[in-house]
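Asker: Letter by letter, the chains look like this.
Protein chains: 4
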Amino acid sequence: MYSFKNDYSEGVHPEILKALTESNLEQSEGYGEDSYTKKAIELLKEKIKRSDVDIHLFVGGTQTNLTALSAFLRPHEAAIAANTGHILVHETGAIEATGHKVISIDVSDGKLRPEDIKPALETHTDEHMVKPKLVYISNSTEIGTIYSKSELENLSKFCKENKLYLYLDGARLGSALCSEENDMDLSDLANLVDAFYIGGTKNGALMGEALVICKDSLKEDFRFHIKQKGGLLAKGRLLGIQFFQLFKNDLFFDMAKHANAMANLLKKGISEEGYKFLTHSPSNQIFPILPEKVIKELQDKYLFTIWEKVDENNSVIRLVTSWATKEDKVLAFIEDLKNAAV
Amino acid sequence: MYSFKNDYSEGVHPEILKALTESNLEQSEGYGEDSYTKKAIELLKEKIKRSDVDIHLFVGGTQTNLTALSAFLRPHEAAIAANTGHILVHETGAIEATGHKVISIDVSDGKLRPEDIKPALETHTDEHMVKPKLVYISNSTEIGTIYSKSELENLSKFCKENKLYLYLDGARLGSALCSEENDMDLSDLANLVDAFYIGGTKNGALMGEALVICKDSLKEDFRFHIKQKGGLLAKGRLLGIQFFQLFKNDLFFDMAKHANAMANLLKKGISEEGYKFLTHSPSNQIFPILPEKVIKELQDKYLFTIWEKVDENNSVIRLVTSWATKEDKVLAFIEDLKNAAV
Amino acid sequence: MYSFKNDYSEGVHPEILKALTESNLEQSEGYGEDSYTKKAIELLKEKIKRSDVDIHLFVGGTQTNLTALSAFLRPHEAAIAANTGHILVHETGAIEATGHKVISIDVSDGKLRPEDIKPALETHTDEHMVKPKLVYISNSTEIGTIYSKSELENLSKFCKENKLYLYLDGARLGSALCSEENDMDLSDLANLVDAFYIGGTKNGALMGEALVICKDSLKEDFRFHIKQKGGLLAKGRLLGIQFFQLFKNDLFFDMAKHANAMANLLKKGISEEGYKFLTHSPSNQIFPILPEKVIKELQDKYLFTIWEKVDENNSVIRLVTSWATKEDKVLAFIEDLKNAAV
Amino acid sequence: MYSFKNDYSEGVHPEILKALTESNLEQSEGYGEDSYTKKAIELLKEKIKRSDVDIHLFVGGTQTNLTALSAFLRPHEAAIAANTGHILVHETGAIEATGHKVISIDVSDGKLRPEDIKPALETHTDEHMVKPKLVYISNSTEIGTIYSKSELENLSKFCKENKLYLYLDGARLGSALCSEENDMDLSDLANLVDAFYIGGTKNGALMGEALVICKDSLKEDFRFHIKQKGGLLAKGRLLGIQFFQLFKNDLFFDMAKHANAMANLLKKGISEEGYKFLTHSPSNQIFPILPEKVIKELQDKYLFTIWEKVDENNSVIRLVTSWATKEDKVLAFIEDLKNAAV
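Protein chains in written order, with my numbering: chain E, -11 to 330; chain G, -11 to 330; chain R, -11 to 330; chain V, -11 to 330.
So that you can see chain E by itself, here it is in the shape it has in the complex (with noise of 0.2 Å):
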C-alpha cells in the first residue's frame, strides 16, 4: 500500500536530520534559549527581510493556532474563518476552548474576500454580541487553492480598514509558495498580514511551525502564552536545528516544489482520464471526483481520504503529496486509475 493520505507520513528530510545527528549529544540550553534556535530565526527573518518581526517555534499547528489566537484576542473578540477554515472544523474547538467564538463564513473556494466578511461586520453591531476582531485564512486552503497577491492585498488593507487582525494558517504555506500559479514570497506575506506561520511538520520537518508576529502589538510577554498553552518544548533545540536546515540551502522550498510537480503529475493523468476536480488547487492536494467502483479499486493498493459524496455513484477524494512522494509511485497510481476506468 502506497500512502497519499497526507503530507506527513514519513519521518523528515535526511539532510536535516543528519544535523540533528550530529549536534545530539552537544549541551545546549532549554525551552527555545539555545544558540540553534537563535540562529534560525535570525536566518528565518532574513528570509522574511523584516528584522522587526517576532518569530516563535511550536511543534505543531493546532497549538500555534490556539496559542496565537488566544494570546491575541480578548475575551469578548472574535475569529472569522471560512466555512473549511481548520480551526473551525479540525482542531476539536481548540478555540473555543480558550474562550472565543469562531464566525464562520461560507464559501466555496475556501478563501475569504472582503465582501465575505463584510455581513459578519454588519450582523455582529453590540455588545450582545462577539466582536469579530482576527480574519483567520489558511495558505495554501484545506481545499488546496492559494491566495494571489492581490487577493491578500484587498484583504489585507480591508482589515486594516476594519481594525480586525489578519493571520494566516501556513501549514502548507511551502506548497503555496511554490506554486506555478503563486505570486508572493515571504516578506510579502510579513507586510500584508498581522501574524503567520511557516509550516514544517507538512513539508518535511519531524515536527515544527515558525510563528512570526508582524505587529508590534501583538507581541509583548509571547512566551509566557506559550508555556501556559503546553507549547514550550524543553530540547527546543530540535525545532532550531530543523529550521535552520530547512531555510539555510532553501530545502523548505524545494522540498514543496517536489510535492507541487508530483501533484500536477497527478493532476494531470486524472485529468487525462476525463475525471473532473472538486477544486482548482494549484497545490500539494487534489481532489478529482471518481466513481465508487474506481475508488474502490484503487483502494486495493492506495491510501487516501474520501472527502465527500458527490452523488450516489461519484465521490471526490483527496490526494496529498509529498517532499517524499516517489514519481514512479505517482506513475503507478495513473497507471492502475486507466486501467481501473477501463
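If you're looking for bench data, these hints aren't it; they were derived computationally from the structure.
Keep in mind that a hint or two might mislead.
If we take Cβ atoms under 8 Å as the criterion, some of the chain E residues that face chain R in the derived model are [stated by the list, open to error]:
#	residue
1	R62
2	P63
3	A66
4	G81
5	E84
6	G87
7	E115
8	H116
Below 16 Å or equal to it, Euclidean Cα-Cα: the simulated EDC-like pairs (lysine to aspartate or glutamate) are [said to hold, decoys possible]:
#	chain 1	residue 1	chain 2	residue 2
9	R	K137	R	D173
10	R	K281	R	D299
11	G	K145	G	D176
12	V	K314	V	E(-2)
13	V	K151	E	E208
14	E	K314	G	E14
15	G	K6	E	E10
16	V	K151	E	D209
17	V	K6	R	E10
18	R	K(-7)	V	D97
19	R	K256	R	D176
20	G	K151	R	D209
Glycine included, every Cβ here is placed at the ideal spot set by N, Cα and C.
The hints should help you fit chains G, R and V onto chain E, whose structure is shown.
Answerer: Okay, now just chains G, R and V, sitting in the frame of chain E:
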C-alpha cells in the same frame, strides 16, 4: 562550560536515534495511530503488568498535566498540590487557564501525606468554595525527594476514602524508580494512583511522556482532549518509536541509574567537603548549600541553577544529572569545589 | 411613545410587588436557602408533577444557559442550536467563553427536528472534531414559533437514541404554553427534556428564571456552578417570593395569556390590512413585513425593533407584547397602521 | 431567632422600595440603557467628583469581580490577594474559572501592603510563571479591618511603579467609608485605585454593585464582558433606581453609619464582659472570641457564624450588623451574653 543545569541539555540516546533513523522513510499513519505507537503501548502495558490501562503519548509534561487535569475535573473541582508542585509554580498557570484552581499545601520536603491534605478538605465545605477533587504529586519531587511504597499506599487509601483522584507527575519517574531508596515498580504505581505519566524528555528521549490512565471513569474520549489542547502530534510515531526503544531492553532504567549514580557521586564529593543539602534527595537532582564565593568560582566552569538564598553568605544551588552526564566532568566538578573551598 | 420593543419594559406584576413589600423587613437566610425559595421550589415541583427534579432559581437567562451548559458538558463536548438560537447569536459568545463550541444548524422556522441535527452528527465523527452532546432549543423560539408535543417527542426520542442531552430555553415558555396552538404542559416538558428553564423576566417578574434539571446525572454539585459563574443571588428570597407568586394562583399563565391575546389582536389587525408575516408565530412575538414608509410613520409613536430588510421597500419588524401591554394601545397601533397604509 | 449572620438578611430600605413601586408600570429601555440608570450614573460621578470614570451596575459581587478581572487581565496575568480575599476563598474559583491564577499572600489583618506584595513580584520572574498584574484588595476587608488613606496611597504608588492594576472590592465599602477611623471619601478612592465597586447588596439595596473604572485603558468594550458573563440585567432600571435612591440624599452613608453604630454597640458590650477580638475591626463585622459554652447559649436566640476555633474551649464568632439591625436586639444580645457569661 559544562552544564548541570538540567536533564534535557543533550539530545537523545543514540540507540533511539538509530531507531528513528532506520524507520525515517517509512510511511505511517498520523496522530499516534501508527504501528510503532501501538507496539510501544503494548510494551508499556506489559511493563506495568496491566492490560486494562489506557496509554497516551505526549510531547511534553506541561501539556500532559493540563490535558489530563482538564479532562478529569469538572469546572468546580480543584487540584491539590504541594507548594513546590510543578503545576503550582512553574507552568504559567496552565491548570488555571483551563479553569481550575490549584490549592497549595505547605510542606517542607515536596511530598504530600494524608495529614497535609486533610485541612484543605476540612476548610472546603460548601458551594462557596471550590471542591478539592484531585491530588497532584510528583515522583521524584521538584526538590529531588521520592515517595516510598508505604507512603504512596497511605496516600492512595486516603484519596479513595475521600473520593479524590490521585495523579502522579512522573517527569523524573525514571530517576525515582531507580533510586537506591526506591521500593516500588511501575506495576505498584498503576495499582496505587488513578493516572500517572512516565517522563521521557528528562530521561533520554528527544521528547515524550507516556500518560497512563488506570481508573476506568477517566478514560472516556481522552483523545478529544489531547487534540483540543494542541497535543496530538502529527508524526505521532516519533513518540512511539522512542518509547518502544526506551522500554525494549530497559534502556529507560539504565539511563536513570546512570543519572542517579552521577548524582550520588556529586553528593558524596560535596558532602565530604563538609557541605549540607537543602533536602535528602536520593534522585538525580541535588541541592547543596554553598558559600557565595564558592558558587561564583564554580560558575566559571559550570552551568547550574541558583535555587534560593539561605543567608547572607550562602545559597542553595541545584545540580541535575542525566543519562548523558560524564563521570569525568563530575569528578572535575568535585575537584574544583575542593580547590574553591580552600 | 409606546413600546412594543420587548416584554421586559415594565417592572413587575403588582401582586408580586405586594408580596415583596410585605416580606421586606423579615430576616431570611441568604443564597436561596430561605423558606420562600424552598416553598417556591416545592410549588413548582407540584406544577411540574415531578418530585424528583432539581430546581434552581437564577436572575437571568444568559446566566442560566451558560451555567447549565458549562456544568453539563465536558470540555470537548459541543452544543447544537438553530441558527436563530439565543446562545448562538445574542449572548456574546457566553457558551464559547466557558470553552464550548455551539454548532449552528440552518433552519427557517427557529425549530430543530431530528433530520436537522442528523447531518451534524454524521460529520462530527472523530477526535479531530468536537463531540456534539447537547441539543439547545427554545420554546417559544426567538422568532415566535412554538413546538408541538409530537415534535418534542420526536426530538426527545432522537436525542435519547443518540445520547444527546435535550435542553430547552424557556425565556418565553409562558407564552408558548399558553398559545392557542400549544398541546403541552410543564409536566410533559419535564418528561421530554433533560433540563429546561421557566422564564420569569419576560413574563411579569422583576427578574428570575427557574432551571429544572430532570436528568439525574446532571444534578450533582450544581450549586457550585451557580456560585462560580456569579449567579448565586445573596438575597435569594427575591426569586423565591416571585416564583411562589407566579405559580400560586396561575398568575404566570394568566399573564402569558394576556400577552398572547394582545399579540393575536395585533396580528389580526395587521393581517386585515393585507400584510404578511416572516413566520407563523402563535406566541407573544410577531414579525409583520411592512413598507419602509409605513414603518417610518409608526416610529413616530411606537418603539419596536427593525428585524431585517426584505427588499428595497419592505422590512420585517418585531412587535412584542407582554402581561402589561394595554389593549387600547394595541387598537391605536392598528388604527395608526390603517391610516399610514392609506 | 434574631440574625447577626450577615448584612443581607432583610430586603431593601423602604425609601428604595417606594421608588421601585412608583416607577413600576412605566416602560423603559432594557439592559441598563434606561433613563434611571443614566441618572444614577451621573449622580455617582458627582459624588465621586470624576466625570471621566465609567460606571456599570451589576447584580452581585462575585459577578462584578469575575467580569472585571477577566476583562482587565490577559491570559497569562494573575491577581494577587490577601489569604482572606473573597475571590481567593469564597467565590468557588470564579476567577480561575475565567483562566487566571490568584496568588495568595499571607497577612494577619486582611490588608495588603507593598512589603507583602514585593516577594510575589520577586519570585515571579519569567515566562515559566504567571505574571502578577492586578492587586485585589477589599475595604472593609473580609475580617472587618479598613484601609487608611495613607495605606492606600502607599499601595497605589507601589502598584503604579510596578505596573500593577489596583482593584478594590467594595462589597462593604459603605461601612468602611463611614467608620469612625476612616479618613477617605469616594473621590480619594477613585484617584488611588484603577477600579473599584460600591456595594449595594450589603448596604440596603435589594441587590446591586456599582463598578467604577477609573483607568482609561480598562474601559474599552466593557459592556461586552458584562453580557458575556451573564451579568447584563434585562430590567436594568432596577439597579438604576436603587443607586439613585442610595445616593440622592446620602441614604447609602446613613445606612452604613447605622450598621457601624450597631457594631460598635455590640463591640463595647462584649468588650466590657472582658472578651477579646480576632481583629481590630472598626466596621460592621466584628469577631469576638467566646467560650464554647457561651456560644451554645447564644445560639438558642441568635444566628451568627462560627468563624474558627481558637483553642479547645474558645472560638471566634462573626457578628454582622446592617442598616436594618435593631438596637433593642443588640442590647438584648449583650444582656444575654452577660447572663451566659455568669
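Asker: With reference to the structure, classify each hint as holding or not holding.
Answerer: Structure-based check of all given hints:
no. : hint               : verdict
1   : R62                : violated (11 Å)
2   : P63                : holds (6 Å)
3   : A66                : holds (6 Å)
4   : G81                : holds (4 Å)
5   : E84                : holds (4 Å)
6   : G87                : holds (5 Å)
7   : E115               : holds (6 Å)
8   : H116               : holds (5 Å)
9   : K137(R) / D173(R)  : holds (9 Å)
10  : K281(R) / D299(R)  : holds (13 Å)
11  : K145(G) / D176(G)  : holds (14 Å)
12  : K314(V) / E(-2)(V) : holds (12 Å)
13  : K151(V) / E208(E)  : holds (14 Å)
14  : K314(E) / E14(G)   : holds (12 Å)
15  : K6(G) / E10(E)     : holds (13 Å)
16  : K151(V) / D209(E)  : holds (14 Å)
17  : K6(V) / E10(R)     : holds (13 Å)
18  : K(-7)(R) / D97(V)  : violated (51 Å)
19  : K256(R) / D176(R)  : violated (30 Å)
20  : K151(G) / D209(R)  : holds (14 Å)
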